[in-house]
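Asks: Residue numbers (my numbering), protein chains in the order written: chain A, 188 to 384; chain B, 188 to 384.
Don't read these hints as lab results, they were simulated from the structure. Mixed in with the good hints there might be a few duds.
Since the list can't tell identical chains apart, any single copy or any two copies may satisfy a pair.
[Stated by the list, open to error] Derived lysine-lysine pairs resembling DSS-like cross-links, with alpha carbons at most 25 Å apart:
no., residue 1, residue 2
1, Lys353, Lys224
2, Lys353, Lys380
3, Lys256, Lys353
4, Lys224, Lys190
5, Lys264, Lys380
6, Lys264, Lys353
7, Lys190, Lys329
8, Lys326, Lys380
9, Lys190, Lys264
10, Lys256, Lys335
Number of protein chains: 2
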Amino acid sequence: MDKQYLTQQLMQFFDQYQANINWDLYQTDIQVHMLNKGDCLLRQGERSANMFFLCSGLVRYYSVSESGKEYTQTIAKSPRLVGSTRALTLSQPALFSIEALHASTAISFPWQPFYQQMSQDLAFTQAYAMFLESIFIHKEQKEHAMVKHSATQRYLDFCRDFPELKDTLPQQQIASYIGITPIALSRIRTQLKTDQR
Amino acid sequence: MDKQYLTQQLMQFFDQYQANINWDLYQTDIQVHMLNKGDCLLRQGERSANMFFLCSGLVRYYSVSESGKEYTQTIAKSPRLVGSTRALTLSQPALFSIEALHASTAISFPWQPFYQQMSQDLAFTQAYAMFLESIFIHKEQKEHAMVKHSATQRYLDFCRDFPELKDTLPQQQIASYIGITPIALSRIRTQLKTDQR
DNA sequence: GGGCGTAATTAACCTAGGTTTAGAGAAGGA
DNA sequence: TCCTTCTCTAAACCTAGGTTAATTACGCCC
Numbered sequence: 188m189d190k191q192y193l194t195q196q197l198m199q200f201f202d203q204y205q206a207n208i209n210w211d212l213y214q215t216d217i218q219v220h221m222l223n224k225g226d227c228l229l230r231q232g233e234r235s236a237n238m239f240f241l242c243s244g245l246v247r248y249y250s251v252s253e254s255g256k257e258y259t260q261t262i263a264k265s266p267r268l269v270g271s272t273r274a275l276t277l278s279q280p281a282l283f284s285i286e287a288l289h290a291s292t293a294i295s296f297p298w299q300p301f302y303q304q305m306s307q308d309l310a311f312t313q314a315y316a317m318f319l320e321s322i323f324i325h326k327e328q329k330e331h332a333m334v335k336h337s338a339t340q341r342y343l344d345f346c347r348d349f350p351e352l353k354d355t356l357p358q359q360q361i362a363s364y365i366g367i368t369p370i371a372l373s374r375i376r377t378q379l380k381t382d383q384r
Numbered sequence: 188m189d190k191q192y193l194t195q196q197l198m199q200f201f202d203q204y205q206a207n208i209n210w211d212l213y214q215t216d217i218q219v220h221m222l223n224k225g226d227c228l229l230r231q232g233e234r235s236a237n238m239f240f241l242c243s244g245l246v247r248y249y250s251v252s253e254s255g256k257e258y259t260q261t262i263a264k265s266p267r268l269v270g271s272t273r274a275l276t277l278s279q280p281a282l283f284s285i286e287a288l289h290a291s292t293a294i295s296f297p298w299q300p301f302y303q304q305m306s307q308d309l310a311f312t313q314a315y316a317m318f319l320e321s322i323f324i325h326k327e328q329k330e331h332a333m334v335k336h337s338a339t340q341r342y343l344d345f346c347r348d349f350p351e352l353k354d355t356l357p358q359q360q361i362a363s364y365i366g367i368t369p370i371a372l373s374r375i376r377t378q379l380k381t382d383q384r
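Given only the sequences and the hints, what does the whole structure look like? Please build it.
Replies: Listed below in structure tokens is the structure:
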């Protein structure tokens, strides 16, 4: 798709924070990613120096443990920055993969020079702090739910938070988001159905 | 204890970030808190406009669910800022209490005017973003451990991360940090002892 | 020393959720 | 049309950790 057009979206996204960015510096490094369902932007264990901007579509962050179990940490909707803050700031391999849940479009740009330039811009740094605050708060709520709520409650929470996904996303992935096996989720769903009557 | 002296520590803490702060504005609002073991700086459900700086000692962040179960989210050592970013930025009641694990000293100051002034200071905003990044990374690792590791593994992780606490902290609180009951922890400990032989 | 409150252990029992295996639909491809 | 593959459901069984309750151990105050 049109790189010009997508870059436009990225610029608009940052405009809302009144950050003063010289995009010309990155023109040559910006890459367009057309994703089909199941394609990955970033793979667990990979080192990447890029941040991504999700222009359209939907992705999930998931990780796989040594024992082969999959856990979906986050589901992110466009428009949004996506990427591993941790991997970029500590320059370590990513702890999770980022996978498209539908067809999606994203662009990538190199984080270091961008962050270098941006950390001189107060408006941007403020916006970045706000971004971190918001994902932090989300993470805190998810930790809370994982520890304090039963699987059934977490499923109901998921249905409340993502009403548009509860019927379109495969149940395996819903199960992986709430931290249980698809089999347990199936049990919970039939249990809920019989309770309703 | 000497307010002057503790305030000095707070200023030194921010000096390391080269933030340019006019402390005179807050002199009258700064309060000193001398904490005994078990005293709380902040109580779950309370609204507070203050941020705290832990000058000496050790605190834990814990929350109690409706069903009366306690969960320790974080253990924080001095010197450090402590408080609920979430409660302050959204001006909502705190989701957790902050309790001293030993005798500790802290000072409090009003967050809003401070943050207002500080968000004009690039060095401070950068430092704040780094602070958020660091607690975010910690939270991500804890979420990961809670989901992927067994209670036994989480106990071993705790012993690795807090070697100085594993014998001094009451087992109830260790259990609450790793998200199990004290009874389960006792079982795990005897299990580990017999395994060693 | 004797009582008392708190913390830690132990054992018996229970339950949520994992594991394994099998089968039922739906969807595509030759 | 049949065959394959993928997703979901169902049932039998297992296990980690929760629950309850009784027992012991360790201060601490009188």
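Asks: Hint by hint, note whether the structure agrees.
Replies: Comparing the hints with the structure gives:
{"no.": "1", "hint": "Lys353 x Lys224", "in the structure": "within (17 Å within a copy, 47 Å between copies)"}
{"no.": "2", "hint": "Lys353 x Lys380", "in the structure": "within (15 Å within a copy, 46 Å between copies)"}
{"no.": "3", "hint": "Lys256 x Lys353", "in the structure": "within (22 Å within a copy, 30 Å between copies)"}
{"no.": "4", "hint": "Lys224 x Lys190", "in the structure": "within (21 Å within a copy, 60 Å between copies)"}
{"no.": "5", "hint": "Lys264 x Lys380", "in the structure": "neither (29 Å within a copy, 48 Å between copies)"}
{"no.": "6", "hint": "Lys264 x Lys353", "in the structure": "within (15 Å within a copy, 42 Å between copies)"}
{"no.": "7", "hint": "Lys190 x Lys329", "in the structure": "neither (35 Å within a copy, 39 Å between copies)"}
{"no.": "8", "hint": "Lys326 x Lys380", "in the structure": "neither (30 Å within a copy, 35 Å between copies)"}
{"no.": "9", "hint": "Lys190 x Lys264", "in the structure": "within (20 Å within a copy, 48 Å between copies)"}
{"no.": "10", "hint": "Lys256 x Lys335", "in the structure": "both (22 Å within a copy, 8 Å between copies)"}
When the structure is compared with the earlier hints, violations turn up for hints 5, 7 and 8 and for no others.
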